[in-house]
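Residue numbers (our numbering), protein chains in the order written: chain A, 14 to 535; chain B, 503 to 860.
In case anyone wonders, no lab produced these hints; they're calculated from the structure.
Everything numeric in this text was worked out from a predicted model, so none of it was measured.
Hints are not guaranteed to be accurate.
What the hints assert, rightly or not - With a Cα cut of at most 25 Å, we get these calculated SDA-like pairs of lysine to any residue:
{"no.": "1", "chain 1": "B", "residue 1": "K564", "chain 2": "B", "residue 2": "T673"}
{"no.": "2", "chain 1": "B", "residue 1": "K734", "chain 2": "A", "residue 2": "P333"}
{"no.": "3", "chain 1": "A", "residue 1": "K368", "chain 2": "B", "residue 2": "A647"}
{"no.": "4", "chain 1": "B", "residue 1": "K719", "chain 2": "A", "residue 2": "P393"}
What the hints assert, rightly or not - Label-pair distances were calculated between CB atoms; the ranges are:
{"no.": "5", "chain 1": "B", "residue 1": "V843", "chain 2": "A", "residue 2": "G458", "range": "37 to 45 Å"}
{"no.": "6", "chain 1": "A", "residue 1": "E153", "chain 2": "B", "residue 2": "V843", "range": "48 to 56 Å"}
{"no.": "7", "chain 1": "B", "residue 1": "L530", "chain 2": "A", "residue 2": "E31", "range": "36 to 44 Å"}
{"no.": "8", "chain 1": "B", "residue 1": "L530", "chain 2": "A", "residue 2": "P247", "range": "38 to 46 Å"}
{"no.": "9", "chain 1": "A", "residue 1": "R397", "chain 2": "B", "residue 2": "V820", "range": "39 to 47 Å"}
{"no.": "10", "chain 1": "B", "residue 1": "L667", "chain 2": "A", "residue 2": "E140", "range": "53 to 61 Å"}
Stated by the list, open to error - Listed below are several chain A residues computed to face chain B (Cβ distance under 10 Å; list not exhaustive):
{"no.": "11", "residue": "M125"}
{"no.": "12", "residue": "L161"}
{"no.": "13", "residue": "F329"}
{"no.": "14", "residue": "Q332"}
{"no.": "15", "residue": "A352"}
{"no.": "16", "residue": "E353"}
{"no.": "17", "residue": "K368"}
{"no.": "18", "residue": "G370"}
{"no.": "19", "residue": "V372"}
{"no.": "20", "residue": "Q373"}
{"no.": "21", "residue": "E379"}
{"no.": "22", "residue": "S385"}
{"no.": "23", "residue": "R387"}
{"no.": "24", "residue": "V394"}
{"no.": "25", "residue": "S438"}
Just so it is clear, CB atoms sit at the ideal spot from N, CA and C, and this is done for glycine as well.
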Amino acid sequence: MPPSNRPAKSLEPLLRAEGVTKRYPGTLALDGVDFNIYPGAVNVLIGENGAGKSTLMKILAGVEQPSGGRLMLHGRAVELESPRDALRQGIAIIYQELNLFPNLSVAENVFMARERTSAVGTVRHAEQEEVVRSLMARLEQDIHPATLVEDLRIGQQQLVEIARALAQDVSVLIMDEPTSALSTAEAEILLRLVEDLTAHGVAVIYISHKLDECLRIGDHFTVLRDGKLVAEAPADQVTLDWIVETMAGRSQAELFPRSNHAVGAPLLEVHDLTLPRAHGDGFLVDRVSFTLRAGEIVGVYGLMGAGRTELLECLFGMQPFASGTVRIAGFELRDESIAERIQSGLAFVTEDRQKLGLVQSMSVAENITLASLRLMRRGPVLSRPKERERVGAMIQSLAIKTSRPDQPVTSLSGGNQQKVVIARSLLTAPKVLLMDEPTRGIDIGAKADVFRIMCDLARDGVAVLFVSSELKEVVAMADRALVMARGRITADLPREHITESALAAAAVAGIDAVPSPVHAHV
Amino acid sequence: MSSSVQATGEGRAIAAPARPRVSLEVLLLRLRAYIALIVLAVLFAVLSPSFLTTGNLIILTKQVAINAILGIGMTFVILGGGIDLSVGSIVGLCGMVAGWLISDGLVLPMFGIAVFFKVWIVMLLTALVGVGVGVVNGLLVTRFAVTPFIATLGTLYVARGAALLLSGGATFPNLVGHPSLKNTGFPTLGAGSALGLPYPIWVMVVLAAVSAFVARKTPFGRQVYAIGGNEKAAALAGVRVARVKLLTYVISGFCAAVVGLIITSQLVAAHPATGGSFELNAIAVVVLGGTSLTGGRGTIGGTIIGAFVIGVLFNGMVLLGVSEFWQTVIKGAVIVVAVIVDQLQQRMQQAALAKSPT
Numbered sequence: 014m015p016p017s018n019r020p021a022k023s024l025e026p027l028l029r030a031e032g033v034t035k036r037y038p039g040t041l042a043l044d045g046v047d048f049n050i051y052p053g054a055v056n057v058l059i060g061e062n063g064a065g066k067s068t069l070m071k072i073l074a075g076v077e078q079p080s081g082g083r084l085m086l087h088g089r090a091v092e093l094e095s096p097r098d099a100l101r102q103g104i105a106i107i108y109q110e111l112n113l114f115p116n117l118s119v120a121e122n123v124f125m126a127r128e129r130t131s132a133v134g135t136v137r138h139a140e141q142e143e144v145v146r147s148l149m150a151r152l153e154q155d156i157h158p159a160t161l162v163e164d165l166r167i168g169q170q171q172l173v174e175i176a177r178a179l180a181q182d183v184s185v186l187i188m189d190e191p192t193s194a195l196s197t198a199e200a201e202i203l204l205r206l207v208e209d210l211t212a213h214g215v216a217v218i219y220i221s222h223k224l225d226e227c228l229r230i231g232d233h234f235t236v237l238r239d240g241k242l243v244a245e246a247p248a249d250q251v252t253l254d255w256i257v258e259t260m261a262g263r264s265q266a267e268l269f270p271r272s273n274h275a276v277g278a279p280l281l282e283v284h285d286l287t288l289p290r291a292h293g294d295g296f297l298v299d300r301v302s303f304t305l306r307a308g309e310i311v312g313v314y315g316l317m318g319a320g321r322t323e324l325l326e327c328l329f330g331m332q333p334f335a336s337g338t339v340r341i342a343g344f345e346l347r348d349e350s351i352a353e354r355i356q357s358g359l360a361f362v363t364e365d366r367q368k369l370g371l372v373q374s375m376s377v378a379e380n381i382t383l384a385s386l387r388l389m390r391r392g393p394v395l396s397r398p399k400e401r402e403r404v405g406a407m408i409q410s411l412a413i414k415t416s417r418p419d420q421p422v423t424s425l426s427g428g429n430q431q432k433v434v435i436a437r438s439l440l441t442a443p444k445v446l447l448m449d450e451p452t453r454g455i456d457i458g459a460k461a462d463v464f465r466i467m468c469d470l471a472r473d474g475v476a477v478l479f480v481s482s483e484l485k486e487v488v489a490m491a492d493r494a495l496v497m498a499r500g501r502i503t504a505d506l507p508r509e510h511i512t513e514s515a516l517a518a519a520a521v522a523g524i525d526a527v528p529s530p531v532h533a534h535v
Numbered sequence: 503m504s505s506s507v508q509a510t511g512e513g514r515a516i517a518a519p520a521r522p523r524v525s526l527e528v529l530l531l532r533l534r535a536y537i538a539l540i541v542l543a544v545l546f547a548v549l550s551p552s553f554l555t556t557g558n559l560i561i562l563t564k565q566v567a568i569n570a571i572l573g574i575g576m577t578f579v580i581l582g583g584g585i586d587l588s589v590g591s592i593v594g595l596c597g598m599v600a601g602w603l604i605s606d607g608l609v610l611p612m613f614g615i616a617v618f619f620k621v622w623i624v625m626l627l628t629a630l631v632g633v634g635v636g637v638v639n640g641l642l643v644t645r646f647a648v649t650p651f652i653a654t655l656g657t658l659y660v661a662r663g664a665a666l667l668l669s670g671g672a673t674f675p676n677l678v679g680h681p682s683l684k685n686t687g688f689p690t691l692g693a694g695s696a697l698g699l700p701y702p703i704w705v706m707v708v709l710a711a712v713s714a715f716v717a718r719k720t721p722f723g724r725q726v727y728a729i730g731g732n733e734k735a736a737a738l739a740g741v742r743v744a745r746v747k748l749l750t751y752v753i754s755g756f757c758a759a760v761v762g763l764i765i766t767s768q769l770v771a772a773h774p775a776t777g778g779s780f781e782l783n784a785i786a787v788v789v790l791g792g793t794s795l796t797g798g799r800g801t802i803g804g805t806i807i808g809a810f811v812i813g814v815l816f817n818g819m820v821l822l823g824v825s826e827f828w829q830t831v832i833k834g835a836v837i838v839v840a841v842i843v844d845q846l847q848q849r850m851q852q853a854a855l856a857k858s859p860t
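Chain B extracted, bound-state conformation (with noise of 0.2 Å):
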């Protein structure tokens, strides 16, 4: 993906022959993330000499990688007009799957046994977890009418409910397999590293790339702009709304069972509550990109950059010693300001277009 953070989505178009002159102001709040990013960086490398080492540089990725990975599924559903609250739910029933499977294995009762998978195996099982739990959720919108906000309000309930019924609440620790069940490895995802950078960083910046591609490049992602920007419209123009919605509620669903499976692999044990309120951690950083909560504009880039805007402050702030409280206050007032500012944005746009006509 290139270029700036596009809150007004219209880079996604044809390539620009003449772009018309955009005044200076409009620019630098088109660029407003970026600006922030690298304000942010340049304070705390001041005031932090540890804050450039490539040390702290790498856990700080990896951290931006669980919220970015979320927000990249969180991206997919806002931009169709949706909204997704069981992804943190998700994580921890993934988890808590993937733990069971390997501490476990899949018990069958009725035949008396339990098969234990090789850990690649274990990890399809679980995404297959989180994409169940997205087309719940997809078919809950589209084929029941539930509200959004509603739908995947109750299955953040109901997958919480399950993760804490798989081990009556109890943690699965220690989930490094066992060499005679095959199922050795499980760490790796979460603790090696390739190239020097850890393997969660890989994965964040593949699914980001892949998922850029198919949001401007795909009749799919186009399909979902449009259904965000006017429902009725793309329904009219031919667009299967349910089945592309459905599908933006999958992709969330998946990505959330990725981060449940990197976290579990991290802690190298598997608790029921982790993921909790990750759901807001995930929609402020596509908000903090620029990303309508409206749906229809916004960008997968953005939400990235608003991942790494959360990720710097973060860092930044437990290296000044700043209390966790006030970490807490600032994050909500960053978020508030960034869609002040968004909205600010797109009223000088308008403004602008209503000077000049056509």
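Next up, chain A with everything else stripped away, as it sits in the complex (with noise of 0.2 Å):
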């Protein structure tokens, strides 16, 4: 629908942040930014992994304090100490993350802390699951108001939690991502309803990395770069092209170094590497076979869900059920530990450094030097020149911005968090590093050292296997690109035909039973 033809919208803002600020140890995540947000209308918020979109989310949901600056609602000044807080000043968030209890049913899940009760203080079920009913009815959906959130497909759990946001009046609903989950039809549904809740006079704020379905639905449009805001439009004003630069931000050239190196003898060899889904059908690994060699960059792309993690954790020995040959400098792995692999010159960088990366009870040097306790030893007794000699050596090679090597490694920003990680890996002397969305919210400069990072390795004859879901990443760092698309290689493509459109192309090229958007991603 071309924004003409929305009705017009009122010019005061519903909700205003101004020059709200959020420090956290070590980071800077929003940096004075105003955002403001209009009655009746789609607020589309746009920004890279880490530009603090979520956390200016979370601040409007009450589930963060500011730092500094202030939220305006109706023109006064309000503080928002709790999401209960901001659900009584009619703000309702669905999160990215489904926050649904799965041992519960729908109508419970609807209603979690805000049950409908009698005189006596129990739970009124008939009266809460007739709501529910016609909220499912609202959201097309046949789903039983009784039946358990586990039970249902991912699609249905986060209509589920969309539910739990209508059940209540709402004048402002923020959308985090809200379709990442959804199959087309299902996102068809949303972007439907979320067209109703504005013609109602609700403030929808919508964030989405799918920008084609931004432009289609949304009236104003605001983006945000490393914490601060960069710009603001309403959509009359907005084109893919002005969104691309805004978000971007900064030549390609600074972020992405290249060198030209010989690349040598084959380092990682895999043949038929197959993982099958835990329920019996398909595959999330589906006969994966390709070689990386010493020096070379290759790049995964594929959409969420194309099993390029999976296939790094089947190479990484963390998946059981995985099969196929996979080598390592002529090496055959079989049923190597993670330890045994690590030894053998196998290196992985997680994509989730929180949950799977750092040890956030531990200090900088102790993360770094957890994969390598071997190295630092002198008889059976930890050496501490000697870790001291190896965490120093990293930290100024990396460029790790840390005042003290046994600072808690909580204290450090995103991007150096990712750094020690990367550290860690490689004091073990990798001969293949696998990493996984190795940029995934980091600021800038953060990115830039480890595309620096990652060159270096490449040309001292480290293979370097990175997955990644920026096509421009891509574009620019790989030797070679490997495409996925559901658990397989849909295109191996050599540098010079490495461009978006053949990525974008591969990526969906195995999905063509069910034609879904094109990602845009930036």
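Make one complex out of these two single chains by using the hints.
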């Protein structure tokens, strides 16, 4: 629907963030951001990973309190001390991650902490289920209110999350990547629902990586970059090019170093690697074969759920049901444990830094040496000088910004934490480095550093395999690109053939049965 | 081990060239266990003239040794993110095993004989029993994925039952051995002394020193901290999680066996109910010493201090004639207050961290 067809919007913002700043230990997540939210409109918030979108939403939803600045609701300053507080003011949020109770029913989830109770305090289940039934009708879902959430598909669970927000009177509804887990049909329902909500005067804040979606339904666009507001415009002034330009905001040459060096012998040989789905039907990784040579940087591109992370997990020995052959420098891995794989020259940098990467209770130094304590020993004892020397060298060569190596690792910024995880892998002197979304959630300066590290490693003869969801990253960094869809490799592109359109086309190649909108990654 | 009770564990890392300024409140909070200990000691010294006598201090330390040794084993388990409820029962079982081996010998019905061992072999076998229960705990937790609470609750009952079965519920009295069987000398462990200090105190000192060294200076110790801090991340870093966790339960079982031997030797008799609810005392001294029950943070030194705080408190209250009932109430209150203060310290440190980004 073109923007001109929309009803005229009032010019007064309903909710306004004024100079909002949020400081975490070691990071400035938001730096004096102004954000206007208009009633009866879809307010689209755009920014790269780590731009501060989620932090800003958490502040608007009362989950986090700003370190500076204020929120104005209906022209009055408000302090939102908790999500409950925000809800009382009519601000609800639908999170990117599901926040449901899988062990409870749909109705119980929708009314969690807001149960309809009788005079004696018992829950009026029938009444709750009636409300949920009508909400489900509105969402065009045939879901019984007494169904347990764990029995629903992911997309349906997402809709339950949305129903939860709809069950109360909201004037501001925040949707953070609401369609990422939905099928095309479900996404259509959601987009229609958004239009319905705005027609009733609700201010919707919409965050999505799918830029075509944003362009279709957005009324006002706000762009964040590195925690700062960089642009704001009504829909009729917004184009795809404008968004891309304001979002990235920095010349690509600055970000992506390139080096030309010879490619050497095969270091990683993968043949027919297969991982069946847990519940039988189909494969997460489907007969994948490829070779990685010394000094090569190979990017793996694909959409969410294409099997890229699972591929790396199979290689690193985290998936016991994987089959196929994997050779590291000619040596075939069979049932080797993670520790043995590390010793044979494999290293893995996880995409989930907080859950799988860092030991939060430990210092920077202890995190860096964790995978190579064998090298830090003198006899059976850890040698402090050895440790200090190795850690110091890593901190210097990766430019980790830390005042002391014995600082708690949690005091570092996201980018520096990521470098700590990388440093841990590098200390094991890998021949093959697997990196899963190595630049997710880190600032642009740290991104450039990570790319530089990758190039340095390749020059030293390490084979680097990195998974990325950012087209630009793959185009700029990869000597070769593998594209995955539905667990299979659908393209193996040499450097001269890597273009955004070739990658995007191959990423949907296996999915023609159910057409889905192409991600416009930036 | 040096310095303070590090609830944050940050002092374990590499020597700091320049520590950032620490506010007085944080410093006081960090040293709270020492401060509590000193305050209690001064208080009781003033209130009771017999508190500071050598005799009383030695008795006090001997009592502390029991909780401290159990606490050392428990510290490893808790640092690794687990819990060991079975230590009290292991104390009882091991005491009974020692008593049985000394008074009845190893009875082999199929040969119609009983084998009697020298005392040091009895002690070794007893320690092996403790280690064995630790292995069972460790396997239940790692191989069979039973949560530590339930796994060790199970062995708590099994070990206690086994202790009762060994004698049909009776006591093995008068464990002095017999010269003709060459198994005399068992009471020495509990009653003997060197350089004026009873052996149990020496055992505590040696175990504490070795454990603190292992925790701080060996890859194993570092890996225990890592597993308690983030088990998944540790596994991805190549830490052999199952092996390391199993070892923590083995250490705990061994420490409990040592305590079983000490108590049995002190009493010169083995009773199957010995050690009942000792596991709770052990957990209490660990927590009091600033170790986080969720794992990853804490020190052996802290546990020793925690054991002394409890020991001094009890000893002082006994000297002052405080009723046993009130002692129990006060112990409970002290533990809860200690954890509240611990939380307070962590929050203050995090707040300080947030104010000074790097």
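How the hints compare with the structure:
1. This hinted pair checks out: K564 (chain B) and T673 (chain B) have alpha carbons roughly 24 Å apart, not beyond 25 Å.
2. Using a Cα cut-off of 25 Å, the hinted pair K734 (chain B) and P333 (chain A) holds, with the two alpha carbons roughly 16 Å apart.
3. With a C-alpha separation of about 20 Å, the suggested pairing of K368 (chain A) with A647 (chain B) holds against the 25 Å cut-off.
4. Simply put, K719 (chain B) and P393 (chain A) have alpha-carbon atoms about 9 Å apart, close enough for the 25 Å limit, and the pair holds.
5. Between V843 (chain B) and G458 (chain A), the C-beta spacing of about 40 Å keeps the proposed range 37 to 45 Å intact.
6. For the hinted restraint 48 to 56 Å between E153 (chain A) and V843 (chain B), the CB-CB distance of approximately 55 Å keeps it satisfied.
7. Under the hint 36 to 44 Å, the C-beta atoms of L530 (chain B) and E31 (chain A), about 40 Å apart, fit the expected range.
8. The supplied range of 38 to 46 Å is broken by L530 (chain B) and P247 (chain A), whose beta-carbon atoms lie about 57 Å from each other.
9. Checked against the hint of 39 to 47 Å, the C-beta distance between R397 (chain A) and V820 (chain B) comes to roughly 44 Å, which is consistent with it.
10. In this structure, L667 (chain B) and E140 (chain A) meet the distance hint of 53 to 61 Å, their C-beta atoms being roughly 58 Å apart.
11. With a cut of 10 Å, the hint placing M125 (chain A) at the interface with chain B is violated, because the nearest CB-to-CB distance is about 25 Å.
12. The closest approach between the C-beta of L161 (chain A) and any C-beta of chain B is roughly 23 Å, which is over the 10 Å cut-off, so the hint fails.
13. Interface hint at F329 (chain A): satisfied, since its Cβ lies 8 Å from the closest Cβ of chain B, which is below the 10 Å cut-off.
14. A distance limit of 10 Å between C-beta atoms decides the matter here; for Q332 (chain A) the minimum to chain B is near 13 Å, and the interface restraint is violated.
15. Checking A352 (chain A) against chain B: minimum C-beta separation of about 4 Å stays under 10 Å; hint holds.
16. Of the supplied interface hints, the one on E353 (chain A) holds, with its beta-carbon coming within about 8 Å of a beta-carbon of chain B, less than 10 Å.
17. Because the beta carbon of K368 (chain A) sits about 6 Å from the nearest beta carbon in chain B, less than 10 Å, this interface hint is met.
18. Interface restraint check for G370 (chain A): the shortest CB-CB distance to chain B comes to about 6 Å, inside 10 Å, so the restraint holds.
19. For V372 (chain A), the interface hint holds, since its Cβ comes within 10 Å of a Cβ in chain B; the closest pair sits about 4 Å apart.
20. Annotation: interface hint on Q373 (chain A) holds; nearest CB of chain B at approximately 6 Å, less than 10 Å.
21. The criterion of a C-beta within 10 Å of any C-beta in chain B is met by E379 (chain A), whose closest approach is roughly 6 Å, and the hint holds.
22. Interface hint at S385 (chain A): satisfied, since its Cβ lies 8 Å from the closest Cβ of chain B, which is below the 10 Å cut-off.
23. The beta carbon of R387 (chain A) comes within 7 Å of a beta carbon in chain B, closer than 10 Å, and the hint placing it at the interface holds.
24. Nearest Cβ of chain B to the Cβ of V394 (chain A): about 5 Å, under the 10 Å cut. The hint holds.
25. With 10 Å as the threshold, the beta carbon of S438 (chain A) comes within range of chain B, its nearest partner Cβ sitting at about 9 Å, so the hint holds.
Hints 8, 11, 12 and 14, counting from the list given before, are not met by this structure.
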